[in-house]
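Chain order of the listed sequences is A and B.
Going by the working numbering, the first sequence opens with residue 1, and the numbers climb by one from there.
Going by the working numbering, the second sequence opens with residue 1, and the numbers climb by one from there.
In case anyone wonders, no lab produced these hints; they're calculated from the structure.
Note that this is a predicted model, so its numbers are computed, not measured.
One or more hints might be untrue.
[To be verified] Derived pair list, reagent style DMTMM-like, types lysine to aspartate or glutamate, alpha-carbon separation capped at 20 Å:
(1) Lys153/B with Glu44/A
(2) Lys258/B with Glu240/A
(3) Lys67/B with Glu132/A
(4) Lys153/B with Glu240/A
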Amino acid sequence: MTSSALLDSRRVGRWALNGAAGLALAVILTPLVFVTWLAFFRQEIPSFPPEGYSLRWFAAIADEKKFVDGFSLSLQLGVMATLIGLALGVPAALCVVRFRFPGREALGSLLLLPLMVPGVVLGTSMYVFHVEAENALDVDVLGTFWALLAGHVIIVIPWVVRLVMASLAGFDRTIEEAAHNLGANPVTTFFRVTLPMIRPGIVAAGLFGFVTSFGNLEMSLFLVGPGRTTLPIAILQYLEWRIDPTIAAVSVLQILLIGGAMLVTDRFVKISRVV
Amino acid sequence: MAIASTTTAPADTAAAARLIAAEERGGARLTAAMLVTPATILVAVGLLIPLVILFRYSLNEFVTQRKLMVEAVTIANYAKFFTDPYYINVLVRTLRVAVTVTAICLVLGFPLAYVLARTQSRFKNLLLMLVVLPLFVGSAVRAAGWMTLFGSKGAINATLMGLGLISTPLEIMYTETAVIIGITAVNLPFMVLSLQSVIENIGRDVEEAAFSLGAHPLAMFRRVLWPLALPGVLAGTILTFILGMNAYATPVLLGGPKFQMMGPLVYGQFAGVNNWPFGAAISFILMTATLLLTIAANLIVQRRYRR
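With the hints as constraints, model all of the structure from the sequences given.
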């Protein structure tokens with residue numbers, strides 16, 4: 001092959017490569033683009049092309065009690081599960097990285113396990129566990145807020161452990177020793193040296209934990225009780241029945257909320273470094 | 001568990017600070033135990049014990065007439081699944097969809113992952129966010145997007161009919177094609193991120209070396225890039241496959257009530273007919289099928305790697 005032919009084939013290759021990459025990005029983004037478009041339709045039936053545009057569907061959300069309640073429950077669950085998950089996961093990650101003890105690797109795997117078990121299996125196993133606990137303890141467990149929260153904490157923990165462990169892996173311990181040699185006590189060292197250095201990992205863990213909890217559908221389906229629905233479940237149940245601009249407007253709000261959370265996180269730690 | 005869940009973040013960081021002190025005092029092991037125990041207990045009690053109970057339930061009997069679970073040790077639920085063509089069909093369909101989706105994700109995801117890994121553009125972070133954002137938006141919302149496209153008055157049919165290419169709307173909703181497209185879009189970001197992180201660590205110079213030795217781009221890909229990216233390919237493939245096997249919202253919304261996959265089937269047994277033992281058995285069959293194929297993929301790739 002002559003060298004100019006080779007250069008030509010590299011140029012063609014580059015075109016093909018960029019085209020294929022663009023196609024993949026289009027497949028990922030197309031559903032979000034169309035659901036956003038639908039939210040601004042004037043007519044209620046999702047037929048194309050739209051007859052006109054309107055903002056009234058966003059106002060209509062406030063009248064849909066299921067979405068307002070679902071949003072509030074998902075927000076409470078997300079915030080509480082993230083805080084508890086951080087409180088439990090950060091020290092556990094510190095311990096697994098810093099100490100050498102028998103069963104350390106098994107422990108690390110156990111803490112990451114909830115990430116590997118499929119959502120439907122998580123949901124069914126917790127459901128039967130709650131049934132058994134209810135029989136044994138003679139108190140309401142199944143369908144309560146606290147049981148749902150416990151499930152959400154369990155799916156937040158692996159993200160916290162994973163991201164904090166990753167940020168501790170590149171940690172230079174001589175800096176802590178230097179602080180110690182300069183007379184800082186362990187508490188000062190932790191707050192002034194260790195914590196600031198792993199902060200990006202903790203912020204990322206908080207974000208991933210929150211969005212994991214906020215968006216969870218499969219596990220929560222089994223754990224919600226009567227009259228208690230999370231936002232993703234409310235969206236699913238509505239969509240099983242119909243698709244219209246109201247549900248599209250709800251979706252747009254969710255996209256904006258999560259996009260905003262990501263932009264804020266990106267100011268603390270570059271997204272490209274944590275995913 | 002109650003004590004653990006009331007622990008607040010500041011108290012906890014203080015505990016971590018005490019860890020460093022204790023480490024020096026020689027009480028390291030005790031401190032380590034104190035730090036890791038709450039999370040471990042929660043995961044063990046909240047996940048391992050439930051899995052054991054779920055397995056136990058799958059061996060119980062279900063009395064259809066009274067809709068009651070009776071304690072027993074029987075493999076009847078598993079036998080029921082594997083002798084009824086309907087359920088075998090659901091399992092085969094689930095496997096077929098998951099494998100197809102995984103293959104499409106690999107073919108579509110590799111170029112995007114490569115471009116993201118190699119780009120010097122200042123929009124790189126923005127592009128990455130566009131890949132990550134849909135990941136967190138949830139599969140129900142994304143299914144809603146496809147529903148606006150696929151419906152009989154949706155964007156695709158309206159465009160094709162407007163152009164005069166077809167006279168009657170195409171049936172896209174409630175088909176396997178719709179479900180495959182939907183799950184592909186849901187899983188693609190996972191594949192792209194798995195591949196991108198691995199490709200980023202492959203030096204640009206090995207590619208240039210292959211080119212300067214006169215390799216055709218396809219030969220470079222096959223002989224250099226692909227073998228080096230194999231760990232990422234494996235990680236992405238496994239993740240995509242697991243997510244495909246366990247898809248819930250996409251088959252429910254885009255496949256409709258007649259299109260059964262394993263995830264919705266499990267839910268139906270629990271919520272619909274209250275047959276917990278059978279639901280538990282299907283849950284375990286789903287988990288085992290997923291695990292076995294994951295392990296098989298691992299072994300095949302490892303063997304090829306060594307050669």
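Would you pick out the hints that fail for this structure and give their numbers low to high? Violated hints: none; all satisfied.
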